[in-house]
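Number of protein chains: 2
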Amino acid sequence: MYRTDDDFMRLALAQAQVARAQQEVPIGAIVVWNGEVVGEGYNLRETWRDPTAHAELIAIQSASRRLGAWRLTECDLYVTLEPCPMCAGAIMLSRIRRLIYGADDPKGGAVTSKLPLLEPGLWNHAPIITSGVLGQDCANILREFFKGMRERRKNLD
Amino acid sequence: MYRTDDDFMRLALAQAQVARAQQEVPIGAIVVWNGEVVGEGYNLRETWRDPTAHAELIAIQSASRRLGAWRLTECDLYVTLEPCPMCAGAIMLSRIRRLIYGADDPKGGAVTSKLPLLEPGLWNHAPIITSGVLGQDCANILREFFKGMRERRKNLD
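Those protein sequences? They're chains A and B, same order as listed.
Under our numbering, the first residue of the first sequence carries the number 1, and numbering increases by one thereafter.
Under our numbering, the first residue of the second sequence carries the number 1, and numbering increases by one thereafter.
It should be emphasised that the hints constitute simulated quantities derived from the structure, not laboratory data.
Only true hints are included.
Quick look at which bits of chain B chain A covers, simulated, 3 or more residues with Cβ under 8 Å:
id, region
1, 42 to 50
2, 64 to 75
3, 87 to 93
Derived DEER-like restraints, expressed as beta-carbon distance ranges:
id, chain 1, residue 1, chain 2, residue 2, range
4, B, Arg-49, A, Ser-131, 22 to 32 Å
5, B, Ile-128, A, Arg-152, 28 to 38 Å
6, B, Gln-22, A, Ser-131, 31 to 41 Å
7, B, Pro-120, A, Leu-122, 15 to 25 Å
8, B, Arg-49, A, Arg-152, 34 to 44 Å
For glycine and all other residues, C-beta sits at the position ideal for the given N, C-alpha and C.
Just chain A, with the same shape it has in the complex (with noise of 0.2 Å):
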């Protein structure tokens, strides 16, 4: 039974793992309604060769997929790093409920690091915003895949 905050985080984290595995950069994301998961995504930007595969953009299209709707109202977004403008202007559009994320991402976060892309007022639709869940683990994920990246770059030279 998935119920709190930190055990959907887990399975966005789980997500992450599989774009590592991938040599993707680890970021993962799922979509819950009524207590279930209906979206999921990681990050696919190599893979897919597509600068909009985004583990939330992914995820929000598979949950209207699923759902068959683009309006997400009683949706919530876990996604392990604070989404990029892209994102939240996706996550806006689809009128998420709640966004959780882990961990912030000082160079290109557009919901508080770089940018209050999702302030209440300042659109039709603002998400409830939850921050900082199991923010330790999503910024790890992404420190030692940079760390392994730039090992296997100095074992190059």
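Given chain A's structure and the hints, the job is docking chain B onto it.
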């Protein structure tokens, strides 16, 4: 032979007309590389029941697929309406060289109207921006679509 911004915007408008024929809000986009159209898209939100099915996003995905690359650094995007935050974010991520749009979107535009999301210096990449290309035509197709929709609704009352 396509040459000018007006010529290419006419092709984006043709995409918007395809959307209109499907009762979708008529917004269209194309991606141009080396003088050739390598991506196209029109709004398909209702048909696909997908909140991310905006003209620009579909055009970028289509160009990436065709060129086999997520970096569209030598590509220009023509779109009939000022991009929303999601699409402005996708333009930034894909490193599109130039963004050319027709009509301003006072309520949702994330380029000049509501937010300057593509302002130079904000992110690693900022496209060169040209606005107002066939602006009247691009605004008219939207205005007439919404006028027709209101009239149909009135007749149903």
